[in-house]
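Q: Start from the sequences, fold in the hints, and give me the full structure.
Protein chains in written order, with my numbering: chain A, 1 to 382; chain U, 1 to 294.
Hints are computed from structural coordinates only; laboratory data are not their basis. Don't take every hint at face value.
Said to hold, decoys possible - Pair ranges (Cβ atoms, derived): (1) A270(A) - R171(U): 49 to 59 Å; (2) L59(U) - A270(A): 19 to 29 Å; (3) A268(U) - P80(A): 25 to 35 Å; (4) S353(A) - F127(U): 50 to 60 Å; (5) D135(A) - P122(U): 42 to 52 Å; (6) K223(A) - L219(U): 25 to 35 Å.
Said to hold, decoys possible - Here are the simulated DMTMM-like cross-link-like pairs (lysine to aspartate or glutamate), alpha carbons at most 20 Å apart as the crow flies: (7) K133(U) - E271(A); (8) K130(U) - E328(A); (9) K130(U) - D266(A); (10) K130(U) - D250(A); (11) K168(U) - D178(U).
As the list claims (entries may be wrong) - Here are some, though not all, of the chain U residues that point toward chain A, as calculated from beta-carbon distances under 7 Å: (12) N10; (13) L14; (14) V118; (15) T120; (16) S123; (17) V138; (18) T141; (19) Y213; (20) N214; (21) S215; (22) V255; (23) S258; (24) G259; (25) S263.
Think of the CB as a built atom: it goes at the ideal place given N, C-alpha and C, for glycine as much as any other residue.
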Amino acid sequence: MKKVCIIMLLILSMVFAVSCSKSDSDTIKIGVNYELSGGVATYGQSSVEGIELAIEQINEAGGVKGKKIELVKYDTKSEPSEATTLATRLMTQDKVVAVLGPATSGSFMATIPVANQNKVPVVSGSATADVVTVDDSGKVQEYAFRICFTDTQQGTGITKFALENLNAKQAVIIMDSSSDYATGLADNFTKVFEEGGGTIVAKEAYVGGDTDFNAILTSIKNKEFDVIFIPGYYNEAGLIIKQARTQGIDVPILGADGFDSPVLLDLAGAEALNKVYFSNHYSSAEPSDVVSDFIESFNKKYNKEPDAFNALGYDLGKFVADAIERAEKIDGESVKKALESTKNFEGVTGTFSIDENHNVVKDIIVIELKDGKQHSTYKVSN
Amino acid sequence: MEQLIQQIINGISLGSIYALIALGYTMVYGIIKLINFAHCDIYMIGAYIGYVCMSKLGLGFLPSLLASMLFCTVLGITIERIAYRPLRNATRIAALITAIGVSLFLEYTTMFFASANVRTYPSMTGFMAKTYKIGDIVISTQQILIAVITVILMVLLQVIVKKTKIGKAMRAVSMDKDAAELMGINVDTTISFTFALGSALAGAAGILVGIYYNSINPLMGVLPGLKAFVAAVFGGIGIIPGAMLGGYVIGIIEVFVSGYGYSMYRDAVVFAILILILIVRPAGLLGKNTGEKV
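A: And the structure:
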């Protein structure tokens, strides 16, 4: 087995070497460093589908600076240490001008020191943790960029939606106390909601993997509140929504992008998914030309409806290609400068500009579910 | 008041599941002094069998329940035959480590075939999805089903253990294995039978959890298994009524802790109470404190 592996590796590297040497002059190489297997493989796979579609379209339209873009794709196996190794390899051996990914904040952050050292920008489509693009002392990570909103922006967006669109005055929070993502969102919600004149009536917690929420729901049932906010992932949120509706709690339920999965519908059932709102990067129910073109071409290539990660990946591909087109020279430093100066880029996940912290300023989309389907979308600006 | 009753109903549904799993732990411990860590994974397999029956084969609830109990029975006997019987006379630590190995084997085999993703049972319709309201109290058919099926299974188990010949053999083997063998009792068959009974109950618990919570995954057995084990110790390990009592008590405590505002500390409180009880009554609630023979 080991021998076979080694031989395979040898052959692969030879093929690789040949293809590299042949295509050096007339292509621009971009690294794709994503979670293609392991724990969060669906995030990586979806992102890469979006990226490949974007690059394919760009190449069909003539490429950038008259050259075709070539993707060099590696699998991080969902491990941050692997992501670092592969980023180094992409920058030093494959000589890419930019690296896309990884999708999750932890892995993406692991590649940033390598990027700063080699002066090649890394760009993520979906690393939402607050700290990603600035270091501990608050200094900007020079070669790291992202095109998604941060958890703080997202939390603020959904809270504003609760205050302004739903006129909520009193809220209950049921949070996943075992995840940083969820506790961060809960803290942010509390802060913004109270500043906006609301009160948090109760704050309950559960642990990822729990299945029984009846006790918590029974205890909040007799309290007065207008909304329930559930920062957490779809696995538990689906069950909480189902059990809440069974107990007769029919107030609006709010969540964040952790709700975005078809599994939510399987768990909660269509009947329970009414008056459920969650913030997201993208909605296929949104009627704009860019979006409908994207959906059509995505459908044609992959024969399925795109999800938020597909959309973010697509935007990421286009966004980086746009920067390379505007860059003075084709190297990491010039591409970084071009990325920094991006203004009003029009993507399928919104129109955005890069701010001084290498984050984006863009609208947050709030999706309303009705009978389990995406019924309408709202835009909340930050 | 209404809230109190509602919480007790919630606690009983949760406790029933713990009790069903705890019975398997306690019976096996009672008879061969082995903490069968693979037991919680038999519960998980039961849930998956139910899933296959209900959503792939389109069977109703009762046939699926029976199928899953039957499959788990066979699985339990097989595990005992292959993994534990060869170690019957080995040290207890060797058997314990084997049990952990079997547990991991079951978890990751399931993960290999069914993937690590959460699977959902088909949503219940008609009678199964009904809820009943008495004042402010809400009870669903599924909760009633869990409570009733648990009680029926427990009564059945008591009848088997107390009134049948094989039950008598089980009690004899658990008291003194060698003496029972000398009296002409087939110890191997009796132990197999004990595994069969425990596994069938775990299978039933698995499918009940499936229809009630709707969500199953290959590692779903770990935490309930741990708590059911605690329930068994709580009631006095090796004592069948103790496991039932322990299951209900743990379920109700858990619900009350999170229901009255301490959801953050739920598991901590449950285990703190366990420690307190074991300090006061080291043999568990129903256990007799017998001196160790030296």
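Q: With reference to the structure, classify each hint as holding or not holding.
A: Tested hints:
For A270(A) and R171(U), the Cβ-Cβ distance of about 51 Å falls inside the hinted range of 49 to 59 Å, so the restraint holds. Checking the proposed 19 to 29 Å range against L59(U) and A270(A) shows it holds: the Cβ atoms sit about 23 Å from each other. Taken as a hint, the range 25 to 35 Å holds for the pair A268(U) and P80(A), whose Cβ atoms sit roughly 30 Å apart. Range check, S353(A) to F127(U): about 57 Å between beta-carbon atoms, so the 50 to 60 Å window is met.
Take D135(A) and P122(U): their Cβ atoms lie about 49 Å apart, and the range 42 to 52 Å holds. A hinted range of 25 to 35 Å for the beta carbons of K223(A) and L219(U) is consistent with their spacing of about 34 Å. For the proposed pair K133(U) and E271(A), the alpha carbon gap of about 18 Å is at most 20 Å, so the pair holds. Distance hint between K130(U) and E328(A) is unfulfilled; the C-alpha atoms sit about 67 Å from each other, more than 20 Å.
For the proposed pair K130(U) and D266(A), the alpha carbon gap of about 18 Å is at most 20 Å, so the pair holds. For the given pair, K130(U) sits about 17 Å from D250(A) by alpha-carbon distance, which is consistent with the 20 Å threshold. About 15 Å separates the Cα atoms of K168(U) and D178(U), which keeps this hinted pair within 20 Å; it holds. The beta carbon of N10(U) is positioned within 7 Å of a beta carbon in chain A (closest approach about 4 Å), and the interface hint is therefore held.
A cut of 7 Å between beta carbons decides the hint on L14(U): the least distance to chain A is about 5 Å, and the hint holds. Annotation: interface hint on V118(U) holds; nearest CB of chain A at approximately 5 Å, less than 7 Å. Using the Cβ-Cβ criterion of 7 Å, the hint placing T120(U) at the interface with chain A is satisfied: the shortest such distance is roughly 4 Å. Interface hint status for S123(U): upheld, as the beta-carbon distance to the closest one in chain A is roughly 4 Å, under 7 Å.
Among the interface hints, the one on V138(U) holds; its C-beta lies about 5 Å from the nearest C-beta in chain A, closer than the 7 Å criterion. Taking 7 Å as the C-beta cut-off, the interface hint given for T141(U) is violated, the closest approach to chain A being about 11 Å. The restraint placing Y213(U) at the interface with chain A holds, with a minimum CB-CB distance near 4 Å, inside the 7 Å limit. Here the hint on N214(U) is kept, as its CB sits about 6 Å from the closest CB of chain A, short of 7 Å.
For the restraint placing S215(U) at the interface with chain A, the shortest Cβ-Cβ distance is roughly 6 Å, inside the 7 Å limit, so the hint holds. At about 4 Å, the closest approach between the beta carbon of V255(U) and any beta carbon in chain A falls short of 7 Å, and the interface hint on this residue holds. Proximity of S258(U) to chain A holds as hinted, the smallest CB-CB distance being about 4 Å (cut-off 7 Å). Annotation: G259(U) was flagged as interfacial toward chain A, and the flag holds, the nearest CB pair being 4 Å apart, inside 7 Å.
Given hint, S263(U) at the interface with chain A, holds; its Cβ is 5 Å from that chain's nearest Cβ, closer than 7 Å.
Hints 8 and 18, counting from the list given before, are not met by this structure.
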